[in-house]
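Novice: Read off the chains here:
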Amino acid sequence: MTTPTSTTTSALDIRDVTLELGDGDARIRALDNVSLTVLPGEFVAIVGPSGSGKSSLLAVAGALTKADSGTVHVHGTDLGRIRSNAAARFRLHTIGFVFQSGNLIPALTAGDQLRLAGRLAGNSSVDPAPLLDAVGMKHRLKHRPGQLSGGERQRVGIARALVNSPSLLLVDEPTAALDRARSHEVVQLLAVQARRANVAVVMVTHDHDVLGHCDRVLEMVDGTLSP
Amino acid sequence: MFLALRELRFARGRFTLMGIVIALIAVLVVLLSGLSSGLVNDGVSGLKAMPATAFAFDKGTITDNAFSRSLVDSQQLQMWKKAQGVDKAEPLGVSIVNGTTDVGKQVDLTLFGIEPAGFLEPSVSSGSTVGNDLGGIVVSETAKSEGIKLGSVVTLDRIGLKLTVVGFTEGQATFGHVDVAYLPIDTWRLIASNTARPGAPTAEQIASLEYRYSSVVAIQAPSRTDLAAVDATAGTMTMSHTEAFNASPGYEAETMTLTMIQVFLYAICALVVGAFFTVWTIQRKGDIAILRAVGSSRGYLLRDSMAQAAILLIGFTAIGVAVGVGFGALMPAAMPFDLEAGPIGLASILTITLGLIGAALAVIRISRIDPLTALGGQR
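In order, the protein sequence lines correspond to chains A and B. Mind the numbering: the first sequence is residues 1 to 227 in our numbering, read in order. Mind the numbering: the second sequence is residues 1 to 379 in our numbering, read in order.
Be a bit skeptical, because a hint or two may be false.
[As the list claims (entries may be wrong)] Partial list, computed: chain A residues near chain B (C-beta under 8 Å):
1. ILE105
2. PRO106
3. LEU108
4. ALA117
5. ARG119
6. LEU120
[Stated by the list, open to error] Okay, the calculated bits of chain B under chain A, using three or more residues with CB under 8 Å as the criterion:
7. 2-8
8. 290-296
Think of the hints as simulated: they come from the structure by calculation, not from any bench. For clarity, every value in this text was computed on a predicted model and none was experimentally measured. Beta carbons are placed, not taken as given, at the ideal position from N, Cα and C, and that holds for glycine.
With the rest of the complex left out, here is chain A (with noise of 0.2 Å):
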């Protein structure tokens, strides 16, 4: 999908991004001259089959990686141009994740899973009641994530993404331990979310169901991007 859009009012601008990964014969091309340009407030949903490239422009965007080429802007940030310690606070700041399964820290409670965001931002006083209230998990604050639920997890994910009140909010494969039910409670979640605190979402997913939610959903085969 190609929306031309100007880098500074965009949540995420990605311009003719080429990513290869791999040596040799194993190399492939995992990004093929895509481009994608999300606004603030807009939820984008990017389904296709595993190995098409889905994660691997979750990574471009989130700047866990470089493209080979081609631009990525965030918030009107080029993060071609930072360094990796300057890529890690920018996350912190302006980039929320949330993961397969929530992949929250075991040894954590819900609670201390949004402290320890807020502490990594240098924010030490997060107070995680009303943001775990917000995703309807107020009642497992002192719970591990051992102690919850997969859709519990994934709840408490979604808050420790939105603590930091981030501008662009990167979610891989949310659904992908959930059964049909939870996984729409999730990402309605997402959804309801993001709009409030009017946060860009890029939602990679293989889960065709929960598509409804989004406002755009784009395809992606062998590392080509198309509506």
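Knowing the structure of chain A, use the given hints to seat chain B on it.
Specialist: Here is chain B on its own, set in the frame of chain A:
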């Protein structure tokens, strides 16, 4: 330390097991330190207590057991007394003898022949100093456990010379694991020259004595004094106060053995802690990738992991030291075992420091964990 403390609480079983290993190492370190201090004190406390800065041995004396091998004459002594930059130089006679107390108990004594009222005169805890009583000896306080008391008479085996205990030193004074008995240098010469006769030594025996030797010359001199120059003219070889410890019987062999065991223990501590934190870091690889992906800096994660290692090491080393000190208090009196704050403190610091080095080498791999692996498709 936000994450460090919570992980310690969460994985308390694993950390406690590791901590017990650290504590056991600390117990061993304390026991070895006590044994080491005990052997050192048993071997050279008599020398340690001497206010000499150096000892001059006869040139060519081999280092091992040098105190009992060396023999310096009165000319050499006079050269040291007159040497420029030397504040004090006095003869010291050293020999180990066997004797029997007046109650029939067999005792071994290291005789330290000194000049009465000289700078080698020991402080006494009871009785009087060596003085001019030719047959008087000031014995190590530890000899009391042998049943020796003020007024006890010790008869030297084969010679029959009788020496009377007139005082006890302040604290332990032993040499070569034998209690020291200080006596006038002239009486020592009488014994060393094999001219002593049964009974108490007399002024007549001393007056007829032509033997003017001592084992070494004890020296007091500032560090800037050129002792080598005096050695060259006097035909002696000088050892500093601490170097001279190696000249006492068995000292070097004992301390080297214990030092080697301690070094191995420190190395084991570093390896064990390093291995634990290597496994722990590998187990946390996924969590660390997530934290790196959400924006945590490498520095934060490294600091947090090192804080975790420090808490573990300091906490369990302290427990181990306390247990070790407790065990030390139960050691039988016959065992040369002394708990001294300095060596125990140093051993504790070394255990913690080397453990931290092991942990640092393990957790450094945190900086190599790619945050990209946090994404599901990459795991």
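Novice: Take the hints in turn and mark each one as holding or not.
Specialist: Hint-by-hint comparison with the structure:
1. Interface restraint check for A/ILE105: the shortest CB-CB distance to chain B comes to about 5 Å, inside 8 Å, so the restraint holds.
2. Interface restraint check: A/PRO106 against chain B, minimum CB-CB distance 7 Å, threshold 8 Å, status holds.
3. Annotation: interface hint on A/LEU108 holds; nearest CB of chain B at approximately 6 Å, less than 8 Å.
4. With 8 Å as the threshold, the beta carbon of A/ALA117 comes within range of chain B, its nearest partner Cβ sitting at about 6 Å, so the hint holds.
5. Of the supplied interface hints, the one on A/ARG119 holds, with its beta-carbon coming within about 6 Å of a beta-carbon of chain B, less than 8 Å.
6. The interface hint given for A/LEU120 holds, since its Cβ lies 5 Å from the closest Cβ of chain B, which is under the 8 Å cut-off.
7. Check on the stretch 2-8 of chain B: 4 of its residues sit with their Cβ under 8 Å from a Cβ of chain A, so the three-residue criterion for coverage holds.
8. Chain A is given as covering the stretch 290-296 of chain B, and this holds because 7 residues of the stretch bring a CB closer than 8 Å to a CB of that chain, at least three being needed.
Consistency with the previously given hints is maintained throughout, with no hint failing.
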